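*Asks:* First to last, the sequence lines map onto chains A and B. Using our numbering, you'd call the opening residue of the first sequence number 1 and step up by one each time. Using our numbering, you'd call the opening residue of the second sequence number 1 and step up by one each time.
Read the hints as simulated data drawn from the structure, not as lab findings. Bear in mind that the values here come from a model prediction, so they are computed numbers and not experimental data. Keep in mind that the hints are not guaranteed to be accurate.
Unchecked claim - Lysine-lysine pairs mimicking DSS-like chemistry, simulated, CA-CA at most 25 Å apart:
#, chain 1, residue 1, chain 2, residue 2
1, B, K238, B, K324
2, B, K201, A, K250
3, B, K231, B, K312
4, B, K334, B, K324
5, A, K256, B, K201
6, A, K258, B, K297
7, B, K238, A, K256
8, B, K60, A, K258
9, B, K201, A, K159
10, B, K60, B, K98
11, B, K199, A, K256
12, A, K159, B, K98
13, A, K157, A, K107
14, B, K201, B, K60
15, A, K198, A, K106
16, B, K199, B, K238
17, B, K199, A, K254
18, A, K153, B, K238
19, B, K231, A, K157
20, A, K254, B, K238
21, B, K41, B, K178
22, A, K106, A, K254
23, A, K250, B, K324
24, B, K304, B, K231
As the list claims (entries may be wrong) - Among chain A residues calculated to face chain B with C-beta under 8 Å, some are:
#, residue
25, Y111
26, D112
27, Q127
28, L217
29, K254
Each residue gets a CB set at the ideal place from its N, CA and C atoms; glycine is no exception.
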Amino acid sequence: MNIIVCIKQVPDVTEVSWDPETGSLIRKGIPSIINPNDKNAIEAALQLREMNGGEVTVISMGPSQVEEALREALGMGVDRAIQLTAKQFAGSDTWATAYTLGLAMKKIGQYDLIICGKEAIDGMTAQVGPQLAEYLGLPQLAYAMHIEVVDSKVRVKQKLGDLDRLLEAPMPALITVEREAYQPRVAPMDTILEAYGKEIPVWKPDDLNGEVENFGLTGSPTKLRKVYTPKLIKGKIEMLEGGPEDVARKFIGKLKEKYIL
Amino acid sequence: MASKIDISEYRGVWVFVEQTEGEPARVSLELLGKGRELADKLGVVLTAFLLGESVQDTAKELIFFGADEVIVADHPLLRDYRTELYTDIISEQAMARKPEVLIVGASPIGRDLAPRLSFRLNAGCTADCTGLDIDEESRLFVSTRPAFGGNVMATIICPEHRPQMSTVRPGVMALPEKDDSREGQIIDLELQLDEDACKVKILESVKGASEGVNIQDAERIVAIGMGAGDKETFDMIKELAELLDGEVGATRFAVEAGWVSHDRQIGQTGKTVRPELYVGCGISGAVQHTAGMSASKMIIAINKDPNAEVFKIADYGIVGDVRKVVPAIISELKNQMT
Ligand SMILES: Cc1cc2nc3c(=O)[nH]c(=O)nc-3n(C[C@H](O)[C@H](O)[C@H](O)COP(=O)(O)OP(=O)(O)OC[C@H]3O[C@@H](n4cnc5c(N)ncnc54)[C@H](O)[C@@H]3O)c2cc1C
Ligand SMILES: Cc1cc2nc3c(=O)[nH]c(=O)nc-3n(C[C@H](O)[C@H](O)[C@H](O)COP(=O)(O)OP(=O)(O)OC[C@H]3O[C@@H](n4cnc5c(N)ncnc54)[C@H](O)[C@@H]3O)c2cc1C
């Protein structure tokens, strides 16, 4: 069984800080990591390979440094990695991302499952998976908590809000994995070392059979008009001071003032 | 992608309506409220798109909540949400009827459906928006959404493609008033659907183990954070919430610590709430949390650290230990009630 996992390299947003004076984002020195949710996707693929045999390929589109993310995935034990890096790909929205990844899938040709994370921690749209499924005309099984192959069909336990569903689809199919599913393994030392010896092909627009005007910023139907930091200051705060009994009385006084009590 | 359409042919605002057993999702009603406003600005018709089984009565409700017309796809196979069928039916109608705006609730269903639909329609989609507007000069639909864990806000447009699509976070738009006297048109679609033609089968569907609370319905919320970090304090806070006739909300840390279930989490990866009263107990005020509650009408924060971020967005602040302040409030409340 051949599985392709899509991984995105993201800034570690838990490390993002902002300037308290200007309110603007400090991005300098923020480490890049594999989107945490995509490690769940890698883990799911590795477990499926252990059960069903086959190969796992990871693919990532991004600037040249995504090579690090791909190496890390190889370290976790995937068989091969493909990198999509070209200046034409820059500025892709989810449509253009799905289009470019889709072209790469067509070039790879042979696959039974494509696995994505549910969402990336930076853009956080959760749109790339479903859009890629649509482009390739594949059944889409989102929010997977568990994946299983039964009689050459794939079964997914889906967490759809407060519904738990069991879905079944023929392969090839596209799955997005939930954040709580498939705790990623720690990469073993020997595979990490092996990972550094592996060749990672870099595909550019010429390697993909696509239309140039569909790539990157030009190909993106959504256009970013403005980015700004939300205002943190709501207004003047009034502090309720005193011992616990005093503040309790003042607290209730405020609720009464506003007719909440 | 290059756009090959004449955008002037596209008119009207559509709202996808999600339903369970005929009951419309709250977010869909919120979007009818917002959709009404957008349609009025554009001077066009507001259309609700409803799919389900035996949903004729629901369709009428949608008119009471602001729709001018309701397109209804009523079929046993549409009772449960299915990506394929829902996408096929809506996209076919959208290609024929050409709406300029299509909005969908950013619920798990909406986030599964909208991107697939947008790709089929050769349109972009702005995700998880917290603000929608019309630029009256250009007629463009302008969406605002948080990104990078709520640290930045982005304003996004889709100038060349139609429909202009967005998903909208539940709880952000106000619920519209229901007006039983409103009238409108119901358009029933003729459907030929066949289970055998569907690739994805639903083998099972059960209600998951959640407490079934929707904190978005609560007008008073007492929220707990790591600073309220033990069982005893948590029980006190629950009592305070009950005395105030409210619900308990939480930060992600408190959810991860296992004190409350995820459906009570407020913020970027939880719910957006706008109650008349929000009391934060031992909450630092990280932007990922405040993104989900800053529109509350009255915010009171209790934190032992006078420099906590949360005080920047609160109306009233109490610097103190929740373990002392909360019991004092409880006993004072009880005093005043008797
Ligand atoms: C501030 C801001 C706001 C934005 N808002 C929007 C918007 O509303 N609509 C829109 O269409 N675009 C938007 N974008 C662009 C969007 O973030 C990028 O297209 C991004 O490359 C993919 O979207 P995402 O991060 O939301 O990924 P998601 O759709 O959340 O990712 C889901 C999964 O898809 C896979 N995946 C995603 N990207 C890649 C990749 N590059 N390589 C391999 N696999 C990948 C991973 O498995 C990932 O877990 C925005 C960008 C910014 C900076
Ligand atoms: C991508 C992403 C998404 C996220 N989504 C969410 C989300 O949806 N919702 C969310 O809430 N968080 C979210 N987070 C996490 C968020 O960044 C914060 O880490 C979290 O909100 C902090 O929770 P807290 O305030 O409970 O804990 P802390 O930040 O640890 O704050 C505890 C506070 O309690 C105070 N305190 C301690 N003891 C006492 C006492 N005895 N009495 C009074 N005060 C006391 C301390 O001074 C401190 O201010 C997200 C993070 C990321 C990266």
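*Asks:* For every hint, state whether the structure bears it out.
*Replies:* Each hint, compared with the structure:
1. Taken as a hint, the B:K238 and B:K324 pair is honoured in the structure, with Cα atoms around 15 Å apart against an allowance of 25 Å.
2. Restraint check for B:K201 and A:K250: not satisfied, since their Cα atoms lie roughly 58 Å apart, outside the 25 Å limit.
3. Under the criterion of a C-alpha separation no larger than 25 Å, the hint pairing B:K231 with B:K312 is inconsistent with the structure, at around 28 Å.
4. For a cut-off of 25 Å, the pair hint linking B:K334 to B:K324 stands: about 16 Å separates their Cα positions.
5. Taking the CA atoms of A:K256 and B:K201, the gap is near 55 Å; set against the 25 Å cutoff, the hint is violated.
6. Among the hinted pairs, A:K258 with B:K297 is consistent with the structure: their alpha-carbon atoms are about 10 Å apart, no more than 25 Å.
7. A C-alpha spacing of about 21 Å is found between B:K238 and A:K256, which places the hinted pair at or below 25 Å, so the restraint holds.
8. At most 25 Å may separate the alpha-carbon atoms for a hinted pair to count; B:K60 and A:K258 exceed this at roughly 37 Å.
9. Simply put, B:K201 and A:K159 have alpha-carbon atoms about 15 Å apart, close enough for the 25 Å limit, and the pair holds.
10. Distance restraint check for B:K60 and B:K98: the Cα-Cα separation of roughly 23 Å lies within the 25 Å cut-off, and the hinted pair is therefore satisfied.
11. At most 25 Å may separate the alpha-carbon atoms for a hinted pair to count; B:K199 and A:K256 exceed this at roughly 58 Å.
12. Restraint check for A:K159 and B:K98: not satisfied, since their Cα atoms lie roughly 33 Å apart, outside the 25 Å limit.
13. For the hint linking A:K157 to A:K107, the alpha-carbon distance of about 30 Å lies beyond 25 Å, and the restraint is violated.
14. Among the hinted pairs, B:K201 with B:K60 is inconsistent with the structure: their alpha-carbon atoms are about 31 Å apart, more than 25 Å.
15. For a cut-off of 25 Å, the pair hint linking A:K198 to A:K106 stands: about 23 Å separates their Cα positions.
16. Of the supplied pair hints, the one linking B:K199 and B:K238 is violated, its CA atoms being roughly 46 Å apart against a limit of 25 Å.
17. Of the pairs offered as hints, the one joining B:K199 and A:K254 is violated, with about 58 Å between alpha carbons and a cut-off of 25 Å exceeded.
18. At roughly 47 Å between alpha-carbon atoms, A:K153 and B:K238 are farther apart than 25 Å, so this suggested pair is violated.
19. Distance check on the hinted pair: B:K231 and A:K157 sit about 33 Å apart at the alpha-carbon level, beyond 25 Å; violated.
20. For the hint linking A:K254 to B:K238, the alpha-carbon distance of about 21 Å falls within 25 Å, and the restraint holds.
21. For the proposed pair B:K41 and B:K178, the alpha carbon gap of about 20 Å is at most 25 Å, so the pair holds.
22. Among the hinted pairs, A:K106 with A:K254 is inconsistent with the structure: their alpha-carbon atoms are about 63 Å apart, more than 25 Å.
23. Restraint check for A:K250 and B:K324: satisfied, since their Cα atoms lie roughly 15 Å apart, inside the 25 Å limit.
24. Only pairs whose Cα atoms come within 25 Å are accepted, and B:K304 paired with B:K231 is accepted, the gap being roughly 19 Å.
25. Checking A:Y111 against chain B by beta carbon gives a least distance of about 16 Å; that is not within 8 Å, so the hint is violated.
26. About 14 Å separates the beta-carbon of A:D112 from the nearest beta-carbon of chain B, more than 8 Å, and the hint is not met.
27. At its closest, the beta carbon of A:Q127 sits 4 Å from a beta carbon of chain B; the interface hint therefore holds under the 8 Å criterion.
28. The closest approach between the C-beta of A:L217 and any C-beta of chain B is roughly 12 Å, which is over the 8 Å cut-off, so the hint fails.
29. Using the Cβ-Cβ criterion of 8 Å, the hint placing A:K254 at the interface with chain B is satisfied: the shortest such distance is roughly 6 Å.
Against the hints set out earlier in the document, violations occur for numbers 2, 3, 5, 8, 11, 12, 13, 14, 16, 17, 18, 19, 22, 25, 26 and 28.
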